[in-house]
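A.B. asks: Given the sequences, and given the hints that come with them, work out the whole structure.
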Amino acid sequence: MHLSSDELILWQHGFFKLNVTIVTTWALMLVLTVGAKLITRNLEGKVHISRWQSLLEIIVVNIRKQIEDVGLRHPEKYLGFLGTLFLFIALSNFCTIFPGYEPPTGSLSTTAALALSVFVAVPLFGIAESGLGGYLKSYLKPTFIMLPFNIISELSRTLAMAIRLFGNMMSGTMILAILLTITPFIFPIVMSLLGLLTGMVQAYIFSILATVYIAAATRARQEAGE
Amino acid sequence: MDSMTLIAMASIVTAGLTIAIGGIGPALGEGRAVSTALSSLAQQPDASTTITRTLFVGLAMIESIAIYCFVVSMIIIFANPFWNHVIAQAAAK
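Protein chains in written order, with the numbering used here: chain A, 1 to 226; chain D, 1001 to 1093.
Read the hints as simulated data drawn from the structure, not as lab findings.
Here a beta-carbon is modelled for each residue, glycine too, at the ideal position from N, C-alpha and C.
Hints are supplied without guarantee of correctness; some may be wrong.
Stated by the list, open to error - Just the calculated beta-carbon pair ranges, DEER-fashion: (1) D:V1072 x A:G35: 31 to 41 angstroms; (2) A:F98 x D:A1079: 20 to 30 angstroms; (3) A:I186 x D:I1012: 28 to 38 angstroms; (4) A:L79 x D:Q1043: 25 to 35 angstroms; (5) A:K65 x D:A1042: 20 to 30 angstroms.
C.D. replies: Set out below in structure tokens:
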């Protein structure tokens, strides 16, 4: 039994190691980009649109609405980043219905990379919204005594995001593997159904947490404007 | 008892205790959160989207405590550094 799909190495040449995580990540990225390109190749503005276009419209409109609900005024600015996060995690968790598939989100390196991208994106969006000084001032709120705690929370929430996604997905595959050795008939199916639900909820939570953090970083300017 | 047996025993017992004790708190907390959210949903069905979103985010926060415990117990069982150290020492002899 292995803890993550990092340990399954498909191909190795000197320093370069090609493990299952990288291969599945690139395959998922390929599916997402090629699929989106194929669907948006001929968009229609008529009453009857194709099924795939309708699916994409539902997804994009709902992500926009969720971002707007959290309190970000212009969701277009954040749609690219947050939507990509959600779609990638959701697809990688959803594909667990295929047997033999190892979700890349079940490896700590993938989730750490995703959490680090949020860690970098939050200050960037904050600075873009309220300027460097305005963003740095948000660390001094409510008083300057809170400065170390604000910095600690910035770091610990990144760690928490990475560990949460990793733990949830890893526990899903781990429980399935254990159940297959004990009761291999019906029970694993029920658990994999539960795993699908957890995967979707985790994708939602990851992207909504990123949205909330970005909203908190950009809020200083909006409050001053009101 | 040699050190190998001791480490194995301590690891197994600690892994069980970690997930058992670490599960109690988040379970109680999540139960309270969900019951409060349900009663406020019943009182204000109009605010269901806000309540549901906040509930999910809050549940994720609470659940991460249990996930930490789970990850620690998994590390103790499958990737125990002390166990690997002892095995490496035994192999060197």
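A.B. asks: Note whether the CB distance of A:L79 and D:Q1043 lies within 25 to 35 angstroms or breaks it.
C.D. replies: holds, 34 angstroms
A.B. asks: With 28 to 38 angstroms as the target window, see if A:I186 and D:I1012 comply at their CB atoms.
C.D. replies: Because 29 angstroms falls inside the window, the suggested range holds.
A.B. asks: So the hint says 20 to 30 angstroms: do the beta-carbon atoms of A:F98 and D:A1079 match that?
C.D. replies: Given about 27 angstroms between the Cβ atoms, the range holds.
A.B. asks: Is 20 to 30 angstroms a correct range for the gap between the Cβ atoms of A:K65 and D:A1042?
C.D. replies: Holds: the Cβ-Cβ distance is about 25 angstroms, inside 20 to 30 angstroms.
A.B. asks: Is 31 to 41 angstroms a correct range for the gap between the Cβ atoms of D:V1072 and A:G35?
C.D. replies: holds, 38 angstroms
Violated hints: none; the structure is consistent with every hint.
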